[in-house]
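Engineer: From first to last, the protein sequence lines stand for chains A and B.
At position 67 of the first sequence (counting the first as 1) the number is 67 in UniProt numbering, and the numbers step up by one without a gap.
At position 180 of the second sequence (counting the first as 1) the number is 180 in UniProt numbering, and the numbers step up by one without a gap.
Treat the hints as calculated values from the structure; they're not laboratory data.
Check the hints yourself; a few may be wrong.
[To be verified] In silico DSSO-like pairs for lysine-lysine, Cα to Cα no more than 30 Å straight-line: (1) B/Lys109 <-> B/Lys132; (2) A/Lys125 <-> B/Lys73; (3) B/Lys3 <-> B/Lys81; (4) B/Lys109 <-> B/Lys184; (5) B/Lys132 <-> A/Lys125; (6) B/Lys3 <-> A/Lys125; (7) B/Lys110 <-> B/Lys126; (8) B/Lys132 <-> B/Lys73; (9) B/Lys187 <-> B/Lys110; (10) A/Lys49 <-> B/Lys73; (11) A/Lys125 <-> B/Lys236; (12) B/Lys118 <-> B/Lys184; (13) B/Lys236 <-> A/Lys49; (14) B/Lys68 <-> A/Lys49; (15) B/Lys184 <-> B/Lys26; (16) B/Lys126 <-> A/Lys125; (17) B/Lys113 <-> A/Lys125; (18) B/Lys187 <-> B/Lys132; (19) B/Lys109 <-> A/Lys125; (20) B/Lys118 <-> B/Lys81; (21) B/Lys110 <-> A/Lys125; (22) B/Lys72 <-> B/Lys109; (23) B/Lys81 <-> A/Lys125; (24) B/Lys240 <-> A/Lys125.
Predicted, not measured: the structure shown is a model, and the values here were computed from it.
This is what each chain is made of:
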Amino acid sequence: MGEPFDFSYVWSFLPKLLSTLSTTLLIVVSSLLAGIIVGFIVALPRLYKVPVLRTLSEIYISFFRGTPILIQLFLFYYGLPEILKLVQVDVTRAPVLVFVILTYGLHTGAYMSEMIRASVTAVDKGQVEAAYAAGMTGYQAFTRIVLPQALAIAVPVFSNLVIALLKDTSLAFTLGVMEMTGKAQTLGAVTQHFIETYIALALIYLVISFSIEKLLGMAEHRLLRHEDRNSPVKKTFGIHRNRSYRRIIAEMESGKGGVGL
Amino acid sequence: MIKLRGISKSFGRQQVLNHIDLTVTKGEVVVILGPSGSGKTTLLRCVNYLEKPSSGEIAIGDFSVNCKHARKKEIHQLRQKTAMVFQQYNLFRHKTALENVMEGLLVVKKLPKEDARKRSIALLEKVGLGSKLDAYPSQLSGGQQQRVGIARALAMEPEVILFDEPTSALDPELVGEVLAVIRKIAKEGITMIVVTHEMSFARDVANHVVFMDGGLIVEEGTPVEVFNHPREERTKQFLKRITPELNYSI
Ligand SMILES: Nc1ncnc2c1ncn2[C@@H]1O[C@H](COP(=O)(O)OP(=O)(O)OP(=O)(O)O)[C@@H](O)[C@H]1O
Ligand SMILES: [Mg+2]
Numbered sequence: 001m002g003e004p005f006d007f008s009y010v011w012s013f014l015p016k017l018l019s020t021l022s023t024t025l026l027i028v029v030s031s032l033l034a035g036i037i038v039g040f041i042v043a044l045p046r047l048y049k050v051p052v053l054r055t056l057s058e059i060y061i062s063f064f065r066g067t068p069i070l071i072q073l074f075l076f077y078y079g080l081p082e083i084l085k086l087v088q089v090d091v092t093r094a095p096v097l098v099f100v101i102l103t104y105g106l107h108t109g110a111y112m113s114e115m116i117r118a119s120v121t122a123v124d125k126g127q128v129e130a131a132y133a134a135g136m137t138g139y140q141a142f143t144r145i146v147l148p149q150a151l152a153i154a155v156p157v158f159s160n161l162v163i164a165l166l167k168d169t170s171l172a173f174t175l176g177v178m179e180m181t182g183k184a185q186t187l188g189a190v191t192q193h194f195i196e197t198y199i200a201l202a203l204i205y206l207v208i209s210f211s212i213e214k215l216l217g218m219a220e221h222r223l224l225r226h227e228d229r230n231s232p233v234k235k236t237f238g239i240h241r242n243r244s245y246r247r248i249i250a251e252m253e254s255g256k257g258g259v260g261l
Numbered sequence: 001m002i003k004l005r006g007i008s009k010s011f012g013r014q015q016v017l018n019h020i021d022l023t024v025t026k027g028e029v030v031v032i033l034g035p036s037g038s039g040k041t042t043l044l045r046c047v048n049y050l051e052k053p054s055s056g057e058i059a060i061g062d063f064s065v066n067c068k069h070a071r072k073k074e075i076h077q078l079r080q081k082t083a084m085v086f087q088q089y090n091l092f093r094h095k096t097a098l099e100n101v102m103e104g105l106l107v108v109k110k111l112p113k114e115d116a117r118k119r120s121i122a123l124l125e126k127v128g129l130g131s132k133l134d135a136y137p138s139q140l141s142g143g144q145q146q147r148v149g150i151a152r153a154l155a156m157e158p159e160v161i162l163f164d165e166p167t168s169a170l171d172p173e174l175v176g177e178v179l180a181v182i183r184k185i186a187k188e189g190i191t192m193i194v195v196t197h198e199m200s201f202a203r204d205v206a207n208h209v210v211f212m213d214g215g216l217i218v219e220e221g222t223p224v225e226v227f228n229h230p231r232e233e234r235t236k237q238f239l240k241r242i243t244p245e246l247n248y249s250i
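Turn these sequences into a full structure, and let the hints steer you where they fit.
Structural biologist: Here you go:
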């Protein structure tokens with residue numbers, strides 16, 4: 001199909017695709033922010049075992065983890081306006097991006113809440129007791145003792161989630177959003193050099209994913225500077241502090257993989 | 001002076017502490033002995049309310065709490081009058097030895113940073129860790145970590161320090177250095193309640209020995225009374241099991 005393969009097109013497509021990078025990044029960053037906030041709200045009832053709310057959280061999480069993101073996009077884009085019509089709210093004129101960010105935000109929020117819950121529970125309870133025994137309040141113990149350690153534990157999972165989100169945004173083109181994948185489709189259609197556009201597109205995703213992973217890897221390294229990698233203590237007590245082992249857990253728990261580089 | 005009156009604790013249906021009365025005078029070292037599951041840890045944890053007693057009263061000096069309706073503020077006060085040294089050390093892993101000792105001073109006692117620092121350094125020197133101020137727990141041996149734990153407890157200047165088997169997670173060769181530090185601070189007249197299985201330590205450091213079994217205080221007295229002339233059959237059995245090389249007069 002299309003024109004014969006010509007690698008030089010890859011280079012000429014790169015800047016054209018990059019011109020829509022800002023849309024992709026807008027979706028990623030807005031969804032991430034929404035996801036973090038939603039994730040916290042959803043994680044709290046599970047962390048504090050609040051009866052009814054906890055069940056609601058679990059239903060929410062199962063829905064967003066258990067159904068394809070593409071279906072979620074369709075449900076929100078086509079379904080939500082219909083439902084809102086019933087209560088006399090008209091959102092049919094709202095920009096597509098709003099629906100896209102809403103869907104990705106809620107989707108990521110489900111994974112974020114799992115990440116937050118897992119990281120907070122991974123901080124050893126004994127330290128919290130030590131904080132209480134010293135007379136700290138619950139808030140002080142959380143912000144000074146649990147949070148800094150939970151952050152370090154969360155980074156590899158977070159890194160995977162960001163990369164997964166970045167890749168998932170490529171589906172927004174199905175709703176007609178001109179992000180990078182949407183742009184690649186049009187470029188391909190116009191020039192008939194489909195393979196070249198997809199190679200260029202893959203290259204861009206790869207470079208961004210790789211940079212995110214490296215940057216967050218550095219952040220993790222910094223946050224974990226208190227864990228001596230060769231100490232005997234770590235070998236006995238710190239299985240979950242072992243980096244590669246944690247990464248495996250992280251990937252299992254989030255159900256999403258990173259670039260694996 | 002610390003007075004526990006009628007402390008009871010149940011986990012679900014299981015009653016773990018059954019009306020415990022215990023008086024500890026100032027400067028005294030009380031050692032609690034007893035078989036596994038007898039409720040020693042639970043009793044210590046009730047004293048600083050890490051475990052909520054089902055009923056009873058805890059008095060430290062002229063401050064007292066009725067456990068049934070303790071208010072948040074009272075629990076907070078109780079915890080400031082006590083300090084705990086844990087079996088698993090429970091150091092804050094993202095903080096250095098010095099920061100571990102300073103933490104409570106800064107956050108709870110609200111001391112200026114420089115004062116907290118000076119006091120913490122002095123305490124770490126006292127437990128023999130003057131050269132490890134900037135080491136993280138992961139870079140310290142178990143014995144060193146536990147000594148940081150002791151310095152952290154001392155820093156708060158509590159009325160009593162609660163030790164829950166402070167040496168039982170340690171490799172045998174590291175037990176001595178920790179016991180030496182506890183001995184040293186015992187001599188300085190710091191009130192402490194120590195749960196331990198180290199019999200020789202109990203013998204020569206304790207002023208008062210308490211033997212617990214099945215959630216009750218079965219027998220208490222001076223080390224000589226309890227170790228050399230135990231009155232209760234359960235105490236004799238326990239001592240025989242734990243120190244078979246000694247023969248107790250029956
Ligand atoms: N959080 C808990 N929930 C339920 N039961 C508990 C809990 N903590 C302790 N228990 C039970 O209470 C009893 C007393 O436990 P405790 O830890 O106080 O014993 P101990 O004398 O310290 O024993 P050891 O010498 O093994 O440390 C045990 O039967 C234990 O199973
Ligand atoms: Mg115990």
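Engineer: Now tell me, hint by hint, if it's right for this structure.
Structural biologist: Status of the hints after comparison with the structure:
no. : hint                  : verdict
1   : B/Lys109 <-> B/Lys132 : holds (24 Å)
2   : A/Lys125 <-> B/Lys73  : holds (23 Å)
3   : B/Lys3 <-> B/Lys81    : holds (13 Å)
4   : B/Lys109 <-> B/Lys184 : holds (25 Å)
5   : B/Lys132 <-> A/Lys125 : holds (25 Å)
6   : B/Lys3 <-> A/Lys125   : holds (29 Å)
7   : B/Lys110 <-> B/Lys126 : holds (23 Å)
8   : B/Lys132 <-> B/Lys73  : violated (36 Å)
9   : B/Lys187 <-> B/Lys110 : holds (29 Å)
10  : A/Lys49 <-> B/Lys73   : holds (24 Å)
11  : A/Lys125 <-> B/Lys236 : violated (37 Å)
12  : B/Lys118 <-> B/Lys184 : holds (21 Å)
13  : B/Lys236 <-> A/Lys49  : violated (46 Å)
14  : B/Lys68 <-> A/Lys49   : holds (24 Å)
15  : B/Lys184 <-> B/Lys26  : holds (17 Å)
16  : B/Lys126 <-> A/Lys125 : holds (28 Å)
17  : B/Lys113 <-> A/Lys125 : holds (27 Å)
18  : B/Lys187 <-> B/Lys132 : holds (25 Å)
19  : B/Lys109 <-> A/Lys125 : holds (23 Å)
20  : B/Lys118 <-> B/Lys81  : holds (22 Å)
21  : B/Lys110 <-> A/Lys125 : holds (24 Å)
22  : B/Lys72 <-> B/Lys109  : holds (17 Å)
23  : B/Lys81 <-> A/Lys125  : holds (22 Å)
24  : B/Lys240 <-> A/Lys125 : violated (36 Å)
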